[in-house]
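Can you make the complete structure from the sequences, with help from the hints?
Top to bottom, those sequences are chains A and B. Each residue of the first sequence is one higher than the last, beginning at 1 in our numbering. Each residue of the second sequence is one higher than the last, beginning at 1 in our numbering.
Worth flagging that the hints you see were computed from the coordinates, not collected in a lab. A couple of the hints might just be wrong.
On the chain A side, residues computed to face chain B include the following (Cβ under 8 Å) [stated by the list, open to error]: (1) P65; (2) N263; (3) L287.
Distance condition first, Cα-Cα at most 25 Å in a straight line; then the derived DSS-like pairs of lysine-lysine [claimed, not checked]: (4) B:K434 with B:K393; (5) A:K49 with A:K26; (6) A:K78 with B:K465; (7) B:K444 with B:K508; (8) B:K291 with A:K171; (9) A:K171 with B:K280; (10) B:K490 with A:K78; (11) B:K263 with A:K171.
Positions of the beta carbon are idealized from the N, C-alpha and C atoms, including for glycine.
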Amino acid sequence: MKQADAAAVPIHAGPGTKKQWMRHLKGIGRNKLLYLMIIPGFVYFVIFKYLPMGGLIISFQDYQPYLGIADSPWVGFKHFVRLFTEPTFGMLLGNTLILFGLELLFVFPIPILLALMLNEVRHRLFRNAIQTMIYIPHFMSWVIIVSISYVFLTVDGGVLNEIIAAFGGGKISFLQSSEWLRPMYILQIIWKEAGWSTIIYLAAITVVDPQLYEAAEMDGASRLRKIWHVTLPAIRPVIITLLILKIGNTLELGFEHMYLLLNSLNREVGEIFDTYIYTAGLKNGQLSFSTTVGMFKGLVGLILVMLTNRLAKKFGEDGVY
Amino acid sequence: MKRSWTTLAATMACCGMLLAACSGGSNPNSEQGSNASPNPGESAAPQEKPTISWLNVLHTATPPTDTVLNKIEEYTGAEIEFSWIPDASKEERLNTALASDSLADIVTITLMENSSVRNALKAGVFWEISPYLDEFPNLAKISEGFRTSASIEGKLYGIPLQKQVARNGVIVRKDWLDKLGLQPPKTTAELFEVAKAFTENDPDGNGVKDTTGFMDRSDLVFGAFKTLSSYHGTPSVWSVSEDGKVLPEFESEGYVKTMDYMKGLYDGGYINQDFAVTAKTDQQQNFAQGKAGIYVGALFDSKNLLNLAKGVQDNMELIMLNNITLTGSESERAIWSTSNGVGGLLSFPKSEVKDENELRQVLKFVNDLMSDEVYALMTYGIQDVHYTIDGNKAVTITNTELWQQEVQPFSSSRPSELGYEIHDNDPLRAEAAKLIEENTKYAKLNPMYSLESPTNSAQGSELLKIVTDATYKYMLGEETLDDFNEAVAKWRKSGGDQIISEYEAAYKAAFGS
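Given below as structure tokens:
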């Protein structure tokens with residue numbers, strides 16, 4: 001379902017003109033029944049996505065659950081002032097941006113590379129086997145993946161450290177160091193998600209017109225040339241769409257994953273907005289403050305999506321809206 | 001086209017089911033409160049069993065089966081409905097329960113220092129119960145000390161869970177000591193030497209250097225650190241000087257000495273090198289597997305360790321120590337107590353327990369829980385099923401596995417663990433009980449426990465992270481003492497100073513001078 005959507009979006013969503021709008025309206029009249037079917041989805045979004053946004057109001061209050069929104073005292077921008085003046089803010093923003101940058105740099109291109117490579121494999125059985133194997137980790141939860149790495153990386157009896165020691169190297173405390181947190185984090189994401197994202201690109205590649213390859217071959221293009229001049233341009237819209245979506249989630253690094261990796265020794269490079277919201281909001285019960293942090297996060301995400309989208313359009317791509 | 005129609009239909013059907021599931025799911029919740037009380041119209045038949053719901057904290061992996069529960073229900077004449085919260089997630093679960101008003105008749109609150117919990121208590125979400133206590137024989141017996149310690153600004157918002165004041169000590173492998181010809185350590189320096197010997201002299205005799213002295217976990221309070229810090233003369237959480245100056249424990253000399261001690265252990269390899277990321281279960285498993293010989297924690301863990309070691313380290317013998325000091329002299333003995341023996345509160349939210357009649361009913365239930373019979377049920381289980389008893393009321397657990405499944409989960413919910421005649425016949429457990437009792441004499445209480453500091457309630461745990469992180473970094477040699485002092489200064493600047501002045505004011509208000 002998802003792959004079909006992703007591939008379809010850039011192809012069908014043309015720039016809207018007035019004429020098209022008129023046709024759309026007529027279309028609605030003609031297909032009443034079909035539009036009626038949108039209602040459940042529409043209701044879902046209103047109830048579960050839009051109504052809860054009303055709760056953002058509590059970031060301007062000192063919210064106490066037993067007083068309710070109506071009776072909790074209003075405090076204006078107090079929580080925003082606290083967020084922006086607290087020394088942790090710089091650390092949170094820095095960590096989030098660095099991790100995001102690393103993710104963009106190292107995680108994002110890998111599925112594209114994998115898809116291109118798999119596409120070149122001619123043996124179907126082999127290709128399918130590889131594809132299946134690399135997307136299986138997607139179905140494991142972070143708890144499992146972090147536990148596996150824990151077993152591999154501990155100093156006392158961790159497999160990797162035993163190997164290092166066998167070759168005469170000094171043991172490295174991967175889990176208890178701030179230097180190793182970021183590489184570990186990125187590698188775990190690659191291991192878990194690369195295969196899954198590859199599917200989307202592979203789906204996009206399958207719709208490339210084979211005539212283009214034939215034409216390129218006629219012109220004497222080598223394999224690499226064909227990848228560069230045919231395959232990549234063909235999947236460019238998909239890449240751009242996924243990139244925009246990815247950037248929209250900049251500050252959404254994944255609470256569960258980071259929370260499982262955090263400890264006293266790597267907190268300064270690992271604490272991100274999500275984990276901070278959890279400790280401040282749910283554990284310490286500062287609901288208003290954590291709502292403020294969450295709202296800030298959401299706003300930054302929104303701005304980034306709009307910027308990237310505009311940028312994409314400037315470079316002649318379709319964008320997501 | 002036909003394909004997409006089927007897909008659409010299927011999607012719609014799914015949506016429909018989802019909505020139905022949601023509306024169905026919310027019903028039992030909203031009714032939870034109402035079925036707690038017996039129908040007032042039927043007061044002519046008081047024999048009808050009241051149903052009491054209990055939001056309780058679970059310290060074991062799985063909730064207990066019904067066997068013991070049925071007996072407790074039989075004895076107390078109440079229908080009990082548990083909602084278990086795993087201990088590891090109690091903070092967020094309790095906070096969400098408070099925020100969404102999905103509480104129960106009885107709520108076990110073990111985190112009285114948590115800001116939202118404290119705010120809820122102070123805001124009157126729960127009944128203030130001190131006027132009612134003396135109506136019930138067992139509740140009336142709760143000592144004045146416990147009542148004061150568990151109060152917030154002079155008000156008691158629940159029945160205090162009465163626990164031993166100081167439960168911690170050092171557990172050492174006796175068979176390893178004997179093998180290496182060592183005496184049980186009396187001073188911290190001797191303990192260090194034992195740790196060194198356990199690491200270097202191959203105490204398990206397998207010819208490989210694969211053991212360490214200490215096996216610790218990532219917990220500065222319930223792990224080794226705080227107990228060792230008591231031995232080094234550190235106050236428990238806060239100290240108050242004679243002229244009313246309040247200082248946090250990490251600004252004491254003892255705290256730094258303890259950090260140095262731990263750093264020494266770490267540098268020498270006499271402690272598991274991963275202790276900063278080791279979980280409690282891993283710690284106990286590793287100890288049981290014979291990877292280390294010294295365990296610092298609650299003394300009654302000794303029996304659990306021995307149980308875990310069955311079939312793995314059958315020659316394991318344990319000795320418990322609670323008299324280690326810096327110099328070995330009796331006068332220096334000290335052991336920390338953070339909560340002064342108060343394990344938490346059993347509180348009764350006004351939203352569930354609607355009026356005084358209902359409150360009395362629930363209080364009577366807790367009163368019954370404290371009876372000798374129910375205490376025995378919750379501690380040892382059912383006679384001749386889980387244990388046998390001799391003439392001296394000494395209990396021998398006959399089926400440990402069954403006991404662990406059916407009885408152990410209840411033990412942390414006992415309203416009181418003190419002053420019962422029935423006791424354990426197992427030498428290790430009896431010894432642990434004796435040493436813990438002995439600890440009471442040397443316990444260092446937290447002087448600020450029942451006092452108020454709004455800043456500490458709101459940001460205390462967040463701020464403490466600054467110091468906790470710095471402590472670990474110092475112990476693992478990543479930072480110097482200057483860095484640590486800088487972290488403490490940062491703690492003071494970010495709110496610590498305010499906490500201190502608030503506590504000083506509260507202390508002055510409560511105790512004069």
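Against the structure, the hints come out as follows:
no.: 1; hint: P65; verdict: holds, 4 Å
no.: 2; hint: N263; verdict: holds, 5 Å
no.: 3; hint: L287; verdict: holds, 6 Å
no.: 4; hint: B:K434 with B:K393; verdict: holds, 16 Å
no.: 5; hint: A:K49 with A:K26; verdict: violated, 29 Å
no.: 6; hint: A:K78 with B:K465; verdict: holds, 23 Å
no.: 7; hint: B:K444 with B:K508; verdict: holds, 20 Å
no.: 8; hint: B:K291 with A:K171; verdict: holds, 18 Å
no.: 9; hint: A:K171 with B:K280; verdict: holds, 24 Å
no.: 10; hint: B:K490 with A:K78; verdict: holds, 22 Å
no.: 11; hint: B:K263 with A:K171; verdict: holds, 18 Å
In this structure, only the earlier hint numbered 5 is contradicted, and the remaining ones agree with it.
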